[in-house]
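With the hints as extra help, turn the sequences into a complete structure.
Protein chains: 2
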Amino acid sequence: MNIEKIVKNIENHLELVIPKHPFAEVYKYGVLPPGKAFRPQLVTAIYNDFSKQRDLSFLDNSKTPVNYLASAVEIHHAYTLLHDDLPSMDDDDERRGKASTHIKYNEWKALLAGDGLQTASFALLSKFNGKNLSLMLKFFSWALGPKGLIQGQYLDLSEEMTNGIDELILTHQYKTARLIQTSILLGFWANEEERSSKDFYRISKELFRLGHCVGVVFQLLDDLTELVDDELTQHELAVNPWLTSNSDKCFNEILIDLEKIESIIKKENLVTTKAVLSNYFGKIESLLTSGEDNIVKHSKIDLVPVISLLNRINR
Amino acid sequence: MNIEKIVKNIENHLELVIPKHPFAEVYKYGVLPPGKAFRPQLVTAIYNDFSKQRDLSFLDNSKTPVNYLASAVEIHHAYTLLHDDLPSMDDDDERRGKASTHIKYNEWKALLAGDGLQTASFALLSKFNGKNLSLMLKFFSWALGPKGLIQGQYLDLSEEMTNGIDELILTHQYKTARLIQTSILLGFWANEEERSSKDFYRISKELFRLGHCVGVVFQLLDDLTELVDDELTQHELAVNPWLTSNSDKCFNEILIDLEKIESIIKKENLVTTKAVLSNYFGKIESLLTSGEDNIVKHSKIDLVPVISLLNRINR
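Protein sequence lines, in the order shown, are assigned to chains A and B.
Going by my numbering, the first sequence opens with residue 1, and the numbers climb by one from there.
Going by my numbering, the second sequence opens with residue 1, and the numbers climb by one from there.
Careful: at least some of the hints might be erroneous.
Since the list can't tell identical chains apart, any single copy or any two copies may satisfy a pair.
To be verified - Calculated cross-link-like contacts (lysine to aspartate or glutamate; reagent style EDC-like; alpha-carbon spacing at most 20 Å):
(1) 147 / 15
(2) 63 / 25
(3) 205 / 159
(4) 20 / 160
(5) 147 / 25
(6) 249 / 222
(7) 205 / 223
(8) 63 / 262
(9) 249 / 259
(10) 127 / 259
(11) 131 / 192
(12) 104 / 230
(13) 28 / 94
(14) 297 / 248
(15) 36 / 231
Hints in this document: simulated from the structure, not taken from any laboratory.
Listed below in structure tokens is the structure:
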């Protein structure tokens, strides 16, 4: 499966649709390059897995509707990062190895560009003209709104997240998994084939669950890879769940979620999605392996079982 | 025409749909009471003017689809105010006679609540299930996005707005008129009656122009009523267009726009919309009359011709 081709397609489309007014440079700086582009990869992969051809041939047409959905989720993601980094939120000076947008430009530009990117994500969604647009808009605005992603940000910033493992998982569910569920469901719903409503409902529910598991695992692994940094701030050391008495529970949560992911992938024969996830887990594995010394320095986590878990999906 | 009934209906619906998670109090504080509720009044009025009954009878049903559209524009408006007042933007400690949301709560809560309200405005839009939803989403996200409202904010914050009268009108067009155009067009499009596509297109274009004129007049009058305050900051004195050599041009712009507004109202027989505008102009007139001494203190504007202009719409 050609992951590089999928990512290149996403980057090209983002270049094309990124807002040009009123400050093209600020938007571009905040969106490109798109990091792992994990969410738009999922849109594309799931779409392909439920399409008739299943051969990624739609990638050759830049106007293919699913591209707008992939860009919509990535641009929505970018808005959350711009706002997250602001001084009154996480106050981060760096993002993806470069200065945060408000450091490079200024605060009001990062704030306003973030607002514009959120609105732009809905404009991109509106370019999908198919019969499921109304359903997509309902899910998108629910999952990323006050009852979803915003609630996750709230749990994080109010520090309720650090009250225990349940609050942590809940935060990851809202803050991370909702956007991943959106990516997966949009990819599925972009297929306009005839489908009995019973099947449509059943698969949607199953993919909702898949997105939940992928999102929570994604965030727990992200927390873990944070430990490969040589230097961590007091705050980072204090809130990382892998450095608390909950590290076993984090491991168990990953185990349970991966089992569920495997079972859904197998049942629905999600070949492309499996390739995207394997590629992602492979990258996490190299990161963890190369940074093992620092991880051991910060914690007592045994990496062997974690790495063997990451390999499950490749079997 | 019962304006009070329209406003009461809007307030009731806002109470009903305002987000309850994760911090109901912050959202409520930022949205209610909704100031003049001018934009949702326009949604309701235009909807009524193009409906079959034209008797506001739909107000008695809280689930009437147009209510969701009225709430969507007001909640979108509220998000822009929450962000506008933040220290890195306009840095305003007060809004509608009470402490700004970030003063009452804190900065990250005002920022995050603003983000949530923007997403919620799209969720409300999605509750309109009619055949024009896709068109509404396209216009809404265009008019309020990077090429619209966001560009207006940019012109204001970058101070390009103060370069001259053209830049001022352009800023008002983007920052104020786009949301008013959205309100008017959503109200029209919410009517699902059969209408020839030629008529649909012609009326949409005309209402787009109406919204432009109403928006620019609204903002120029807002600038003027600012002068009824006894004390103005140096900044307020420096940027108010009525205190520059452009005050004649502001007056002429209002004159031209009001003529256009009158002509469209007459042509399309917009009785409810006329009542909403008259009511609004009446309030501006009392404000200006009661604050005349301060206006004279700050400027040399002759109020008589302005007030006679405001009365035009009542003839």
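Exercise. Is the C-alpha distance from residue 127 to residue 259 at most 20 Å within one copy, between copies, in both cases, or in neither?
Worked result: Classified as neither; 36 Å inside a copy, 37 Å across copies.
For this session: Since the copies are identical, ignore which copy is meant and state whether residue 205 and residue 223 lie within 20 Å (CA to CA) inside a copy, between copies, both or neither.
Result: Neither: 27 Å inside a chain and 52 Å across chains, both beyond 20 Å.
For this session: Give the relationship of residue 249 and residue 222 under a CA distance limit of 20 Å: within one copy only, between copies only, both, or neither.
Result: For residue 249 and residue 222, only the intra-copy Cα distance (16 Å) is at most 20 Å; the inter-copy one is 58 Å.
Problem set entry | Alpha-carbon proximity between residue 20 and residue 160, which holds within one copy, between copies, both or neither at 20 Å | For residue 20 and residue 160, only the inter-copy Cα distance (18 Å) is at most 20 Å; the intra-copy one is 38 Å.
Exercise. At most 20 Å between C-alpha atoms: does residue 147 with residue 25 qualify within a copy, between copies, both, or neither?
Worked result: between (32 Å within a copy, 15 Å between copies)
Exercise. Can you tell me if residue 36 and residue 231 fall within 20 Å by alpha carbon in one copy, between copies, both or neither?
Worked result: neither (23 Å within a copy, 53 Å between copies)
Exercise. Is it within, between, both or neither when you check residue 63 against residue 25 at 20 Å Cα-Cα?
Worked result: neither (24 Å within a copy, 43 Å between copies)
Problem set entry | Alpha-carbon proximity context of residue 104 and residue 230, limit 20 Å | neither (25 Å within a copy, 40 Å between copies)
Exercise. Checking residue 249 and residue 259: alpha-carbon separation at most 20 Å within a copy, between copies, both or neither?
Worked result: within (15 Å within a copy, 70 Å between copies)
For this session: Since the copies are identical, ignore which copy is meant and state whether residue 28 and residue 94 lie within 20 Å (CA to CA) inside a copy, between copies, both or neither.
Result: So residue 28 and residue 94 pass the 20 Å test inside one copy only (16 Å; across, 34 Å).
Problem set entry | Within, between, both or neither: residue 147, residue 15 at alpha-carbon 20 Å | between (31 Å within a copy, 17 Å between copies)
Exercise. For the identical chains here, do residue 131 and residue 192 meet the 20 Å Cα criterion within one copy, between copies, both, or neither?
Worked result: both (7 Å within a copy, 18 Å between copies)
Going down the numbered hints, you'll see the structure goes against 2, 3, 7, 8, 10, 12 and 15, while the others check out.
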